[in-house]
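Protein chains in written order, with my numbering: chain A, 172 to 650; chain B, 59 to 548.
Derived from the structure by calculation, the hints contain no laboratory data.
Check each hint, because a few of them may be wrong.
[To be verified] In the DSS-like style, the derived pairs of lysine-lysine whose C-alpha atoms are separated by at most 25 Å in a straight line are:
{"no.": "1", "chain 1": "B", "residue 1": "K118", "chain 2": "B", "residue 2": "K186"}
{"no.": "2", "chain 1": "B", "residue 1": "K212", "chain 2": "B", "residue 2": "K239"}
{"no.": "3", "chain 1": "B", "residue 1": "K161", "chain 2": "B", "residue 2": "K88"}
{"no.": "4", "chain 1": "B", "residue 1": "K132", "chain 2": "B", "residue 2": "K246"}
{"no.": "5", "chain 1": "B", "residue 1": "K132", "chain 2": "A", "residue 2": "K279"}
{"no.": "6", "chain 1": "B", "residue 1": "K212", "chain 2": "A", "residue 2": "K279"}
{"no.": "7", "chain 1": "B", "residue 1": "K186", "chain 2": "B", "residue 2": "K132"}
{"no.": "8", "chain 1": "A", "residue 1": "K378", "chain 2": "B", "residue 2": "K61"}
{"no.": "9", "chain 1": "B", "residue 1": "K492", "chain 2": "B", "residue 2": "K417"}
{"no.": "10", "chain 1": "B", "residue 1": "K414", "chain 2": "B", "residue 2": "K547"}
{"no.": "11", "chain 1": "B", "residue 1": "K417", "chain 2": "B", "residue 2": "K351"}
{"no.": "12", "chain 1": "A", "residue 1": "K279", "chain 2": "B", "residue 2": "K127"}
Predicted model, so just to flag it, every value in this text is computed and none were measured.
Residues per chain, in single letters:
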Amino acid sequence: MSSTSNTSTHHTSTIGSIGAPSRRNTELALLVFAVVIPVFAYANVGLAMNDEVPAGLLSYGLGLGLLAGVGHLAVRKFAPYADPLLLPLATLLNGLGLVAIWRLDQSKRLSNYAEAAPRQLLYSAMGVALLAIVLIFLKDHRVLQRYTYISMAGALFLLLLPLVPGLGADVYGAKIWIKIPGLGTLQPGEFAKIALAVFFAGYLMVKRDALALASRRFMGLYLPRGRDLGPILVVWVMSILILIFETDLGTSLLFFGMFVIMLYVATERTSWIVFGLLMSAVGAVGVASFEPHIQTRVQAWLDPMREYTLSREGVQDGIVHSEQAMQALWAFGSGGTLGTGLGQGNSDLIGFAANSDFILATFGEELGLAGVMAILLLYGLIIERGIRTSLAARDPFGKLLAVGLSGAFGLQVFVVAGGVMGLIPLTGMTLPFVAYGGSSVIANWALIGILLRISDTARRPAPAPAPNPDAEMTQVVRP
Amino acid sequence: MNKPLRRIAIFCGLLILALLIRDNYLQYVKADDLADDTENRRVNIERYSTPRGNIIVDGKAITGSVESKSGDYKYKRTWTNGPMWAPVTGYSSQAFGANQLEKLEDGILTGTDDRLFFRNTLDMITGKEQEGGSVVTTLNGAAQKAAYEGLGDKKGAVAAIDPATGKILALVSTPSYDPSKFAGNSDKDAEAWNAVQKKNNPDDPMLNRALREVYPPGSTFKVVTAAAALENGEVSGIDDATKTPDPYQLPETTGDPLTNQHGECENATLKYALMVSCNTVFAKMADNVGNEKMIEQAEKFGFNNPELDTPVRAAESIYPEDNAPQNAMDGIGQASNRATPLQMAMVASAIANDGKLMKPYMVDQLTSNLDPIATTDPEELSQAVSAETAQKLQEMMEAVVNDPQGTGSSARIDGATVGGKTGTAQHGLNNSEKPYAWFISYAKLSDGSSPVAVAVVVEDGAANRDDISGGGLAGPIARDVMKAVIDSKK
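Using the sequences and the hints given, assemble the complete structure.
Below is the structure:
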């Protein structure tokens with residue numbers, strides 16, 4: 172840690188917090204809310220749509236309660252000093268997501284979704300199981316440091332999977348899926364996110380001094396040496412390749428952004444951010460100049476109504492025109508301040524991906540501005556708790572890993588929510604925990620597991636100094 | 059490493075803040091624009107989610123709602139005798155939007171109008187389904203039927219008004235269309251819709267000729283010219299001889315002079331000139347009055363008003379600024395002045411109402427469960443002519459119908475006094491196209507009250523151009539409409 176930050180960190184540093192309360196009971200109390208709120212929401216949907224309390228209420232409530240309980244017990248046993256907010260926040264979002272998915276299952280317009288909610292509950296169970304496994308077997312996050320380069324290989328492998336002929340699936344222009352016969356589809360990018368964070372953290376921890384100190388000053392910026400530019404160039408090229416071959420703006424932006432954030436934290440050099448922004452701008456504009464899929468997305472962002480009309484008229488010009496962007500905006504607008512009430516909106520007009528990439532629009536229409544703001548703040552809390560964990564972590568690897576994961580999580584929320592709300596061009600990505608999709612839910616529970624592990628290590632009281640065997644042995648020899 | 063970490067924390071906070079701001083923009087600032095966007099299917103889903111309120115004529119609904127089978131929309135609009143009522147109601151289609159009353163009073167019909175708030179709240183408490191309010195029209199079913207059947211398969215329009223109040227009693231346009239045929243959103247509806255579009259159907263059945271089409275008014279406009287002459291003192295009395303040559307050389311011209319088709323028009327009296335429809339007398343009269351005063355008089359009758367809302371907006375009838383020969387021809391309705399059938403009915407109604415022009419309207423009341431929530435009060439538009447002039451004009455118009463020499467004998471009704479004016483408007487280059495047959499008239503009862511004024515235009519008069527075909531073609535239709543109104547009062 173640099174000397175400059177010492178003065179300002181004393182109040183958040185947990186090094187001195189010996190005997191800090193574990194806050195496990197706080198977590199339990201919050202979890203009760205995180206389970207009860209979605210259960211009420213679930214009942215609300217049933218009453219609004221079918222005039223009856225849904226038959227599945229009990230099993231749904233028990234299922235979510237069980238997930239929360241297992242998560243809580245695993246934390247209590249294996250990470251007793253972990254951050255008390257992360258688990259309840261994730262549970263609440265997961266529960267609300269299940270409600271929205273179930274609500275869209277009921278929609279007559281989207282008959283093909285009929286069984287999404289039970290599957291999502293299964294995915295959530297697998298996610299919580301993975302969280303428990305992480306907590307049980309990953310006793311210390313620093314162990315991951317050993318797998319720095321294996322993680323890199325794993326991440327590259329996962330990212331390249333969708334490009335394997337016969338395995339990849341092109342869904343509305345973005346090739347970020349793989350098909351596993353009999354199991355459905357998988358988004359390997361979600362898992363690659365975690366593997367890459369491990370690799371960047373391990374790599375930067377080793378190289379940060381070289382990257383930070385060996386530089387020349389030019390116009391107020393510290394320019395890195397040419398050879399130190401290597402890694403950032405490699406990651407940049409990788410992002411560009413993802414953009415070109417998988418035509419996925421979101422994933423590309425996510426990985427590059429995560430890397431720049433971690434690089435900045437590791438080196439404390441603002442120049443890296445400047446470089447990062449420049450390179451992503453060059454990359455994005457460069458690729459957009461020849462990739463029609465990206466151009467369409469930008470056009471749909473600038474003029475969603477035109478895309479809607481083109482799609483309605485069934486214009487065939489070799490590009491898939493979609494009315495979704497405009498439909499999502501209408502859903503938000505029709506929700507207004509307080510929303511139509513759960514089960515009473517028409518967000519299913521969005522059609523394809525209404526319960527995954529566009530699920531925020533359902534909240535927008537049915538819970539209104541108030542509901543969406545609450546959900547965004549829940550995400551904000553998760554992100555800030557993650558960064559706080561990073562601040563509190565005592566080892567650089569843990570700091571980097573925590574900020575990498577939290578930053579990536581934040582970027583993902585921004586990219587998908589901003590896309591659906593028309594703030595930035597739309598790109599296919601799932602809203603963590605809320606959107607339908609096994610890969611996303613499972614990977615994000617694992618992400619929370621790692622953050623919990625780091626925060627547990629960070630907040631755990633420092634072990635009492637070991638008795639010094641020399642103390643007894645040393646004798647004052649009197650003459 | 060903590061300083062950059064804090065900055066990253068702030069950066070992530072800003073990302074969330076940006077999302078929050080965008081969300082506020084979408085769901086608060088732009089919410090209404092997006093929610094009410096006509097392309098937003100929710101608008102229609104809402105509109106057809108409950109049985110739509112009805113449009114009422116003579117206490118009976120001329121519209122209805124049926125449960126539709128198609129997915130998104132629960133109810134579909136129906137009309138009783140759609141083609142006859144379409145010029146009044148307009149259409150309301152799941153796929154193609156709405157127009158006229160169906161559109162203008164949509165808030166009431168759908169039940170979303172603020173004025174229905176109390177009722178809706180009550181319904182919500184008692185658990186009743188929200189229901190639209192009703193639009194009670196001023197129309198007279200018998201008159202509408204007489205007009206519609208009178209026009210038959212001829213192309214034309216009828217507008218009838220109650221002179222004392224301005225209530226529209228009949229509003230017919232033929233050929234018409236049946237809005238029921240495309241009220242849904244199936245392929246069949248689309249086919250029916252396309253079939254009545256102007257580009258696929260030269261008869262343009264969707265055009266509301268009574269309100270939205272302007273015609274050269276032809277000889278019916280002579281009534282307005284006579285009014286201007288009397289009001290401006292160009293003639294002292296309707297029985298005094300005018301100084302008019304026959305034929306009459308239009309001012310500032312050297313070509314063929316204007317002639318007449320009937321009668322002895324040289325120095326004819328105003329009354330005689332109207333009775334046999336002398337062109338020369340009224341062209342000279344218009345010239346004597348002058349363009350400025352002619353415009354003034356026409357405007358008092360409602361011309362040159364681009365915003366005449368009934369509440370469906372009528373096309374603007376025009377009396378333009380013109381040079382002297384054109385102005386003289388305007389005086390006999392054969393130059394660049396144009397009028398809607400409604401406008402000419404207004405002319406007849408003002409004369410019948412002792413010079414007072416009432417604003418025409420067709421929505422009498424808006425009701426919720428037949429409790430009135432808004433009532434339209436009759437409104438005076440202008441004093442078109444003095445009561446004295448109106449009396450004189452009535453005397454002249456009654457002569458047109460009752461005098462053996464008059465052109466409008468076909469409009470006589472037993473037990474009522476009818477005043478009228480025929481017209482045959484020639485149009486097209488060198489009058490090459492078939493003329494429009496016009497008839498405007500009013501009926502007066504023995505107590506002196508006048509219950510109806512009407513204007514009829516038949517576009518393709520199979521007309522013998524020499525004949526004053528207005529009397530032959532349009533007159534009987536006007537008579538039937540007036541008779542229907544008088545009979546319904548009994």
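These are the hints, each one checked on the structure:
no. : hint            : in the structure
1   : B:K118 x B:K186 : 23 Å, holds
2   : B:K212 x B:K239 : 22 Å, holds
3   : B:K161 x B:K88  : 23 Å, holds
4   : B:K132 x B:K246 : 18 Å, holds
5   : B:K132 x A:K279 : 13 Å, holds
6   : B:K212 x A:K279 : 48 Å, violated
7   : B:K186 x B:K132 : 16 Å, holds
8   : A:K378 x B:K61  : 19 Å, holds
9   : B:K492 x B:K417 : 32 Å, violated
10  : B:K414 x B:K547 : 22 Å, holds
11  : B:K417 x B:K351 : 22 Å, holds
12  : A:K279 x B:K127 : 13 Å, holds
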